[in-house]
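Colleague: Quick mapping for you: the protein sequence lines, in order, are chains A and B.
In terms of our numbering, the first sequence has 366 at position 366, counting the first letter as 1, and numbering is strictly consecutive.
In terms of our numbering, the second sequence has 326 at position 326, counting the first letter as 1, and numbering is strictly consecutive.
What the hints contain is simulated information worked out from the structure, not anything from laboratory work.
Glycine residues also receive a C-beta, built at the ideal position from the N, C-alpha and C atoms.
Any given hint could turn out to be false.
Residues from chain B that face chain A, not an exhaustive set, calculated with beta carbons under 7 angstroms [to be verified]:
(1) S404
(2) A443
(3) S526
(4) G527
(5) R530
(6) T535
(7) L550
(8) L553
(9) V557
(10) L558
Residues of chain B clear of chain A, computed beta-carbon distances all greater than 12 angstroms [stated by the list, open to error]:
(11) G38
(12) V43
(13) P87
(14) T134
(15) W199
(16) Q200
(17) G208
(18) T212
(19) L215
(20) Y284
(21) L297
Estimated spans, in silico, between C-beta atoms of each pair [to be verified]:
(22) G416/B to E487/A: 30 to 36 angstroms
(23) A429/B to D482/A: 38 to 44 angstroms
(24) E538/A to G416/B: 28 to 34 angstroms
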Amino acid sequence: MMKKHTTNMLDRQVLSNAAWLAVKKLNPKAAAGNPVMFVVLIGTVITALITLQRMFTGQSFGFELATTLLLFFTVWFANFAEAVAEARGRGQAASLRSAKRALKARRLKNGMEQIVDGDTLRKGDQVRVGQGEYIPADGEIVKGVATVNESAVTGESAAVLREAGGDHCGVIGGTKVLSGEIEFAVTADPGHSFLDRMIGLVEGAQRQKTPNETALTVLLAALTMVFILVVITLPPMAGFLGASLDYTMLIALLVCLIPTTIGGLLPAIGIAGMNRALAANVVAKSGRAVEVAGDVDTLLLDKTGTITFGDRQATEFLTAGQVRMADLVSAAVLTSYEDPTPEGKSVLELAERQDHRVPVRPTDAEYLPFSAETRLSGITLADGTIYVKGASDTVQQWAKSRQIAIPGSLENLVKQVAQAGGTPLVVASESQILGVIALSDVIKPGVAERFVRLRALGVRTVMVTGDNPITAGVIAAEAGVDDFIAEAKPEDKLQLIRDEQAKGRLVAMVGDGTNDAPALAQADVGLAMNSGTQAAREAGNMVDLDSDPAKLLAVVEIGKQLLITRGALTTFSLANDVAKYFAIIPAVFAGALPAIAALDFMGLNSPLTAVLSALIFNALVIPALVPLALRGVKLRPMTAEKLLRNNMLIYGLGGVVLPFVVIKAIDMSLGLFL
Amino acid sequence: MFEIALIFLIALGLAWPLGRYMAGVFSGQPHLSDRLFGPIESVIYRLIGVNPLQGMSWKNYAWALVFCNLVLGVIAYLILLFQHVLPMNPDNIGPLSWDLALHTAVSFLTNTNQQHYSGQAQLSYLSQGFLIVTLQVVTPATGLAACVAILRGMVGGRNKDSANEGEPRDLGNFYVDLVRGVLRLALPVALVMSLLLTWQGVPSTYDGAQVTQTLDPAVEMQEQSVPVGPVAPMVAIKQLGTNGGGWYGPNSSNPLENPTPVSNVLETVAIVLFPMAIVFMAGYMLSRRRFAVMSLLVMGVMSLAFVSATVYSELQPNAAFAGLSADGPNMEGKEVRFGPELSALWGTFTTQTSNGSVNSMHDSFNPLGGLMTRAGMLINAIWGGVGVGFINFIVYVWIAVFLSGLMIGRTPEIFGRKIETKEITTLGALIVLPTIVILGLTAITVGVPGLAQNSNPGFHGISQVFYEYTSAFANNGSGFEGLGDDTPWWNVTCVIALILGRYLPIVLPLMVAGWLASKRAAPVSSGTLRLDSATFGVTLIAVILILNFLSFLPSAVLGPIGEGLELSTTILSRE
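Kindly produce the complete structure, drawing on both the sequences and the hints.
Modeller: Structure below.
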């Protein structure tokens with residue numbers, strides 16, 4: 001949705017808004033939700049008071065003031081990170097809201113039209129919308145066909161077809177009818193429409209902590225407790241040694257130790273995860289749904305539409321006996337000119353692709369359109385020549401009835417195509433059998449590679465299709481799915497999900513039809529197609545606005561990325577503490593216990609610069625990591641062990657080493673000024 | 001060096017078959033040992049009114065464990081308080097003060113054996129021979145029972161095939177596990193051990209003290225009375241059950257408790273035997289041997305690293321003697337018979353395993369050695385106490401699994417069961433607990449003048465206090481000594497540390513295991529984090545070290561590290 005927003009996510013307007021929002025978030029009520037940053041906020045207040053006290057008693061207060069400012073900026077940077085993440089959601093909400101203008105509706109009552117306000121429509125009301133009008137509410141078409149521009153919601157300007165019956169009957173309030181006239185039944189009360197819910201989701205994203213985020217917050221709170229205890233027990237122990245400690249330094253030590261980096265970025269990471277889903281045009285009904293997607297073990301994929309293009313396509317011409325290829329192709333093309341089915345169109349495309357000489361479209365021919373009774377389509381030219389094409393047995397019967405000889409090779413050709421998973425269409429003229437057109441499923445580009453990635457991440461893919469087992473097996477092998485279910489009925493999906501779940505697996509599936517709804521609801525991640533029925537959209541916990549079933553694969557990756565970003569930054573944050581200890585501990589005790597100065601093997605300028613350098617590092621690392629938090633850690637397909645090893649090396653070991661280097665560098669530059 | 005390697009190898013070689021036997025004993029399947037012990041056990045079950053087939057949920061199991069300990073604790077307290085009027089007190093030893101009796105009862109009840117009473121002079125034969133030895137046998141079996149129950153929970157409990165998701169799981173019957181631990185493990189192994197020690201010359205008799213002529217009749221003292229008794233059996237269970245409280249005051253540095261090089265090897269092996277065997281047992285009980293190998297390697301690497309550091313430390317000269325004598329290893333507080341290496345090995349093992357027996361005085365270790373013994377106790381999961389050591393290890397595994405799970409992009413799970421907010425909250429409490437107890441009590445004790453009653457000022461004084469509370473919380477029992485610790489303050493605060501350090505680290509993990517058990521288990525896929533991989537092992541070590549480093553570095557700086565830095569500056573200034 002709103003693709004225009006995704007390009008410059010960090011533009012100046014967003015940043016300046018976020019900077020101001022970050023100040024507003026300083027109020028204690030807002031801060032209390034984040035225990036780590038709350039502690040920093042309290043520390044800031046205490047050091048500020050110490051600074052004032054020293055100021056009024058005429059003591060030097062430069063260090064205290066600097067510490068106070070650094071603590072303040074630590075909190076502000078954390079708020080800023082959250083605000084930047086929110087700003088994107090807010091931009092999206094604003095553009096959604098512009099679609100939700102006051103609309104007039106033509107309500108039908110007893111066959112009479114009544115003009116009413118759009119927001120007075122209730123569930124079950126019948127509404128008529130004509131060409132060029134806006135659809136005033138969510139609903140399902142009961143009568144008529146229309147092309148609809150849904151760009152207000154999906155960002156796609158290409159018109160979509162919506163018609164009564166079937167799986168494409170849903171319309172969304174705020175979208176515009178381009179052509180045709182429809183009558184639809186309202187399916188949502190005001191305030192509960194799809195658009196309303198999306199605005200709520202986008203705006204309220206930051207308010208719902210996911211279970212995993214809650215667990216991590218608890219762990220961070222426990223670590224914060226530990227560090228508070230570590231710091232408050234220091235003065236009495238130092239007192240035993242006859243030393244008294246500087247409280248500003250102790251607060252600086254505490255702030256450096258508690259996991260401020262991850263604590264500050266945690267909300268931003270979560271919001272950014274939702275935003276990445278939104279950027280992929282997937283609306284998750286909760287942050288939890290995105291997170292669960294990362295855990296999915298099994299993906300249940302419809303063959304048609306997800307793995308292959310929606311329809312079978314001609315992939316090969318096979319001549320029977322001594323027939324010339326040109327004759328077969330020109331017969332096939334002639335029969336397909338007026339064949340509106342996708343198969344027919346694909347024959348024309350194939351002939352063109354293979355650079356065959358194609359006969360011109362005859363103007364005075366008689367067409368025999370495909371019908372369920374004849375199961376043939378054909379053409380009778382002006383000179384009386386007849387061409388037909390159709391299913392193998394149908395054409396053979398047609399040939400027999402006309403005493404046309406059936407060549408022995410035909411049987412083999414038909415078999416050959418079927419065994420390769422294709423559907424054979426036999427082409428014949430009034431005098432002979434010409435050959436076979438092989439119709440096959442064409443696998444969408446990139447799908448097979450995606451399955452390889454998913455397998456590396458431990459996700460099993462299961463293909464569901466109504467095809468016979470042979471056809472299904474061929475496609476499954478070609479696409480590289482782990483398993484398939486052939487001749488599946490809609491209720492089989494539900495059963496399969498239940499079976500997988502009973503084995504302890506988390507299952508994701510895509511669906512659009514009303515008969516998919518139970519399975520979508522049962523699945524741990526149900527991705528409903530926006531083009532689907534209202535029932536499907538209600539049942540799923542995510543909606544794909546592009547209606548691209550392959551999007552499920554992207555959603556899984558977004559979920560994983562969300563968790564990895566959290567884990568990596570937590571590890572980084574904790575690993576940082578090692579260096580901070582070595583910078584600050586010698587400084588804290590420097591005056592009173594000279595023996596401990598030997599621990600300062602970084603050779604920092606002075607205790608004051610040591611503490612300030614650690615605090616500066618601590619504060620700056622938050623904005624430095626904002627882009628990573630928003631973008632997410634790059635997800636490469638590899639086994640869990642490799643992923644862990646890489647992340648431990650980068651964020652664990654790197655987290656130990658980096659602050660030593662940076663703190664030393666900051667200290668050296670501070671040494672130039674102080 | 002050769003002896004250290006030998007002791008490691010003997011311990012591992014014995015722990016493997018023992019661990020296998022233990023897994024059989026707790027499997028719930030018919031076992032070879034049933035023939036011998038089955039009949040005795042059924043009599044015991046009938047006497048205490050327990051149905052051995054009745055399984056327990058984690059709640060019932062924890063309640064049975066706490067209840068059983070409460071009863072034992074009350075009995076122990078009353079015996080110590082009224083030992084002067086109870087039988088078996090030929091020397092008319094008086095009662096212990098209320099606080100000393102409380103501390104002593106709780107100390108032995110928690111498998112700690114921290115002693116604030118002086119020598120054996122304050123205990124009657126009933127207290128010493130009946131009460132303390134009973135607790136030395138029962139308490140390691142208690143820890144083992146809890147560990148076994150947690151292991152069962154980690155793979156879904158004994159009723160995992162019949163119970164539905166979310167239903168409480170059967171973690172076994174506490175009384176059965178306890179009785180089996182005592183009868184089939186503690187007693188037979190201790191019997192073998194005490195026979196071996198008797199063979200090496202450790203006294204094993206009910207005769208009175210032996211009176212001998214001194215070698216030089218010219219000195220004032222013509223004859224010496226050498227106290228003996230059933231020393232070998234007590235030393236056996238002291239070493240095997242990570243107890244640590246010896247027969248003689250100087251513990252295993254006394255030649256009668258530890259007379260020969262062979263007895264020293266035997267006793268050193270005995271310190272780690274059960275804790276190592278439990279790792280093997282876990283492999284069999286979880287049906288995940290590779291997990292056991294990973295655990296063994298993680299513990300082994302850390303154990304060896306700590307031993308090496310301590311050996312290195314004790315091979316250095318004692319700073320106090322710098323310039324006064326020829327440079328040599330630090331022999332202060334060490335038996336000449338054992339020397340620095342074997343003293344350092346024992347010192348490291350006994351602190352890693354929460355045993356607390358000594359063959360040298362840890363107070364006299366060089367600062368690095370003192371740091372290693374402290375670190376061993378704080379981590380408390382490198383081998384660790386019988387049962388409880390492996391429980392602590394599992395707690396670290398859970399925390400490491402949580403962090404690694406995030407890093408690989410899956411909700412963290414162990415053996416297919418997800419670790420969620422409820423579990424993390426409990427684990428968070430376990431992370432905070434040692435800092436509250438150890439740092440909190442240390443800060444109060446050194447902060448309020450007159451409470452510490454310690455012999456040293458400065459860094460070493462803080463070390464003494466910190467060590468005492470660490471030893472209590474880790475249920476170790478070894479002492480840094482030099483504390484006037486028989487005061488109501490010390491007794492009561494150590495009781496708090498002992499109880500919190502024993503029961504919360506048993507009950508909370510039981511709770512987590514119980515919760516995990518009733519969760520749906522996800523099957524393994526290539527996206528599952530393998531806990532038996534080298535990467536996870538390294539991550540686990542990093543988590544163990546960093547958690548303890550972050551919690552205790554500042555206090556270590558004010559203790560042994562500060563002391564070490566101070567000593568090294570003194571040496572420099574003298575040179």
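Colleague: Now tell me if each hint is right for this structure.
Modeller: Results for each hint:
For S404/B, the interface hint holds, the least distance from its beta-carbon to any beta-carbon of chain A being 5 angstroms, beneath 7 angstroms. About 4 angstroms separates the beta-carbon of A443/B from the nearest beta-carbon of chain A, less than 7 angstroms, and the hint is met. Hint status for S526/B relative to chain A: holds, with the closest Cβ pair at about 5 angstroms, below 7 angstroms. For G527/B, the suggested interface contact is upheld, since its CB lies about 2 angstroms from the closest CB of chain A, less than 7 angstroms.
Against a cut-off of 7 angstroms between C-beta atoms, the interface hint on R530/B holds, since the closest Cβ of chain A lies about 6 angstroms away. Given hint, T535/B at the interface with chain A, holds; its Cβ is 4 angstroms from that chain's nearest Cβ, closer than 7 angstroms. Against a cut-off of 7 angstroms between C-beta atoms, the interface hint on L550/B holds, since the closest Cβ of chain A lies about 6 angstroms away. The criterion of a C-beta within 7 angstroms of any C-beta in chain A is met by L553/B, whose closest approach is roughly 6 angstroms, and the hint holds.
Hint status for V557/B: holds, given a least beta-carbon distance of 6 angstroms to chain A, under 7 angstroms. Look at L558/B: its Cβ gets to within about 5 angstroms of chain A, closer than 7 angstroms, so that hint holds up. With a cut of 12 angstroms on Cβ distances, G38/B stays outside the contact zone with chain A, its closest approach being about 37 angstroms. Against the 12 angstroms criterion, V43/B stays outside the reach of chain A, whose nearest CB is about 43 angstroms from its own CB.
At roughly 46 angstroms from the closest C-beta of chain A, the C-beta of P87/B stays outside 12 angstroms, upholding its exclusion from the interface. The beta carbon of T134/B is kept farther than 12 angstroms from every beta carbon of chain A, the shortest such distance being approximately 37 angstroms. Its beta-carbon lying about 49 angstroms from the closest one in chain A, W199/B satisfies the requirement of being farther than 12 angstroms from that chain. For Q200/B, the requirement that its beta carbon stay farther than 12 angstroms from each beta carbon of chain A is met, with the minimum near 45 angstroms.
Every CB of chain A is more than 12 angstroms from the CB of G208/B (nearest about 47 angstroms), matching its label as outside the interface. With a least CB separation of 47 angstroms from chain A, T212/B remains clear of the 12 angstroms interface cut-off, as annotated. Every CB of chain A is more than 12 angstroms from the CB of L215/B (nearest about 48 angstroms), matching its label as outside the interface. For Y284/B, the non-interface assignment is confirmed: its Cβ lies about 23 angstroms from the closest Cβ of chain A, beyond the 12 angstroms cut-off.
Listed as outside the interface, L297/B is consistent with that label: its C-beta sits roughly 16 angstroms from the nearest C-beta of chain A, beyond the 12 angstroms cut-off. For G416/B and E487/A, the Cβ-Cβ distance of about 32 angstroms falls inside the hinted range of 30 to 36 angstroms, so the restraint holds. At about 41 angstroms, the CB distance of A429/B to D482/A agrees with the hint of 38 to 44 angstroms. Between E538/A and G416/B the CB atoms are about 32 angstroms apart, so this pair conforms to the stated range of 28 to 34 angstroms.
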